[in-house]
Amino acid sequence: MTSPLLSIRDLTVRFETPRGTVTANDRLSFSVKSGETLGIVGESGSGKSVLCRAILRLLPSPPAQVTATEIRFGDQDLQKLTPAGMRRVRGQDIAMVFQNPMTSLNPVWPIGDQVSEGLRIHKGLGRSSARKEAIAILNRVGIPNAAMRIDDYPYQWSGGMMQRAVIAMAMAGKPKLLLADEPTTALDVTIQDQILALLVELQRETGMSIVLVSHDMSVISETCDRVAVMYAGHIVEMGTAATIFKSPKHPYTYGLLRSMPHIEGRVGKLAGIGGQPPDLSRRLPGCPFAPRCAVASAVCRERPICLASLDDDHATACHFPERLAELERKLAS
Amino acid sequence: MTVLEAGLDTRRRRSGLLREIASWSPSLKVGVTIMTVIVLSAIFAPWIAPFDPNEQDFNAILMPPNLTHLFGTDVLGRDIFSRVLFGARIDLVIGFITTYVPMTYGVILGAYAGYVGGVFDSALMRIIDVAMAFPFLVLIIVILAILGPGVQNIYISVFILAWTMYARLARAEMMVERTKDYITAAQILGFPRRRIIFRHGLPNVINSSIVFSASDFVLNILLVSGLSFLGLGIQPPNPEWGAMIAEGRDFIRQAWWMATLPGLAIVVTGVALALIGDGLAQRLGERHHTTV
Numbered sequence: 001m002t003s004p005l006l007s008i009r010d011l012t013v014r015f016e017t018p019r020g021t022v023t024a025n026d027r028l029s030f031s032v033k034s035g036e037t038l039g040i041v042g043e044s045g046s047g048k049s050v051l052c053r054a055i056l057r058l059l060p061s062p063p064a065q066v067t068a069t070e071i072r073f074g075d076q077d078l079q080k081l082t083p084a085g086m087r088r089v090r091g092q093d094i095a096m097v098f099q100n101p102m103t104s105l106n107p108v109w110p111i112g113d114q115v116s117e118g119l120r121i122h123k124g125l126g127r128s129s130a131r132k133e134a135i136a137i138l139n140r141v142g143i144p145n146a147a148m149r150i151d152d153y154p155y156q157w158s159g160g161m162m163q164r165a166v167i168a169m170a171m172a173g174k175p176k177l178l179l180a181d182e183p184t185t186a187l188d189v190t191i192q193d194q195i196l197a198l199l200v201e202l203q204r205e206t207g208m209s210i211v212l213v214s215h216d217m218s219v220i221s222e223t224c225d226r227v228a229v230m231y232a233g234h235i236v237e238m239g240t241a242a243t244i245f246k247s248p249k250h251p252y253t254y255g256l257l258r259s260m261p262h263i264e265g266r267v268g269k270l271a272g273i274g275g276q277p278p279d280l281s282r283r284l285p286g287c288p289f290a291p292r293c294a295v296a297s298a299v300c301r302e303r304p305i306c307l308a309s310l311d312d313d314h315a316t317a318c319h320f321p322e323r324l325a326e327l328e329r330k331l332a333s
Numbered sequence: 001m002t003v004l005e006a007g008l009d010t011r012r013r014r015s016g017l018l019r020e021i022a023s024w025s026p027s028l029k030v031g032v033t034i035m036t037v038i039v040l041s042a043i044f045a046p047w048i049a050p051f052d053p054n055e056q057d058f059n060a061i062l063m064p065p066n067l068t069h070l071f072g073t074d075v076l077g078r079d080i081f082s083r084v085l086f087g088a089r090i091d092l093v094i095g096f097i098t099t100y101v102p103m104t105y106g107v108i109l110g111a112y113a114g115y116v117g118g119v120f121d122s123a124l125m126r127i128i129d130v131a132m133a134f135p136f137l138v139l140i141i142v143i144l145a146i147l148g149p150g151v152q153n154i155y156i157s158v159f160i161l162a163w164t165m166y167a168r169l170a171r172a173e174m175m176v177e178r179t180k181d182y183i184t185a186a187q188i189l190g191f192p193r194r195r196i197i198f199r200h201g202l203p204n205v206i207n208s209s210i211v212f213s214a215s216d217f218v219l220n221i222l223l224v225s226g227l228s229f230l231g232l233g234i235q236p237p238n239p240e241w242g243a244m245i246a247e248g249r250d251f252i253r254q255a256w257w258m259a260t261l262p263g264l265a266i267v268v269t270g271v272a273l274a275l276i277g278d279g280l281a282q283r284l285g286e287r288h289h290t291t292v
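Read top to bottom, the protein sequences are chains P and H.
Counting from 1, one number per residue, gives the positions in the first sequence under full-length UniProt numbering.
Counting from 1, one number per residue, gives the positions in the second sequence under full-length UniProt numbering.
Simulated from the structure, these hints should not be mistaken for laboratory data.
Keep in mind the model is a prediction, meaning the values are calculated, not measured.
Wrong hints could be hidden among the right ones.
[Unchecked claim] Here are the simulated lysine-lysine pairs, BS3-like style, with alpha carbons at most 27 Å apart:
1. P:K33 - P:K174
2. H:K180 - P:K174
3. H:K180 - P:K123
4. P:K174 - P:K123
5. P:K80 - P:K123
6. P:K33 - P:K80
Please build the complete structure, drawing on both the sequences and the hints.
Below you can see the structure in the form of structure tokens.
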């Protein structure tokens, strides 16, 4: 097995706020192999987006404090890079796509300029060759008539087209890793599908790795090889997509899967997870999910969690993964 | 090229200046029209003006407005209409320079401070706080008292002070703008900071400064007129509006036109610029909302 493209060990992100220290990411460790898609799933506020920004060192400090034993990309230690070196990594090696395409493009410049800008800065292309290249990329991401529409302004495009343009901007640098932070959340379902398909296609062509952040289990299940489930700043379960979706070993993952609406069967009330995610500024000593967990015991509330391997490629932070059967029985009744 | 493409193409070419003007609000149209007339008459003053602005005619002293002297004459028999026309050249140029030179570096400094934050930002804001703690006019007069009266010194004193408002505006907007996704996207694409601030940020933060500059223009014309009135600005016999009002003040009972008509020129220019400012605020605001 080759060494992973991105490996992260004990990444902790804290924000100093007037209300106290908020721990947005708590000792996260994971790795992404070359050509693989890692899905990160979790509800709002579980620290998914912060994670992406922390990898790219985009969090302003203060208030953010990022610590990690390792953030390694290929053979580079991202924590030790100079700002200039980091800029090279950002432009060339790691790219990112955001949730809202309407705000990810600068409203005052034509789209073509924005796509070709990176080519001109990082590849040193001239104006006309960068423009040609930009047209080619826009064509590739499925903009019909790209040569004609390249001088349009963002407001003239629809959300789906803008997201394609944002992906084009990201792909222009031929990145090895694409961080996709909820790339389909702001789009309607049919466009969602097209964008995901596009990402998968581009991945097949270029062999890049994707970290796909989403709160949508169906998006994750369709596209990802491996999945990390986040809750309250922790990774609570990690494994291959098949294992996570078929035999989850954490009550939270189980709850998430249960709360997905099914297309067959009676339309009834959706099964939710009772309670609220914890306030990240007050750290619980034990498992953060314990207050909402139906099978939690006193030990859960006191013993700090850590990700423990169940088998080769499946790890859970639950202290008692064997209690899941009990949980299923309880929820079924 | 297919038929569809051809159709798209002509549609795009037809949109131009006329279409832009048609979309303006009434206040912008009226303001721009008045301002155009004023600017044109300032440019063509030597051809429009019936008399030399400094030519004295002692046979026609303190003449009320009539057909030869549209705005009447002053104590030295100079034609006030000609003087108002030539005055526009002085007032508009000074107003323009005192508005847009400080705006340029004020916006640049403010945008930079708003983006980078930290020590530079705090230092700049403290300097601005100090400058703004004093009444603007008083500070200008103090500086002029030290440097001596004259156009050059008005420029120097305004350049020292007037950028602060623009820096504040641009800073505040940049602080909002820098958290937006397209700025983060530019950071992720590894663009240099200078480029992000000035190419991506600046065009998005400059609107409020442009709108403010229209009203600032009025205030600066009033400032120069006021200073000239006080004898600190343009020196006689140059035909500056404020200076002309000052000259006419002593004769306000006998010859109302001496002070009133140059004053009216200031009022009309002020109204035109205010209308432009108002219209611009609407126009740029509109555009802002449709894109966000």
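Quiz item: Out of the numbered hints, which ones does the structure contradict?
Solution: Hints that this structure does not satisfy do not exist here, as all of them hold.
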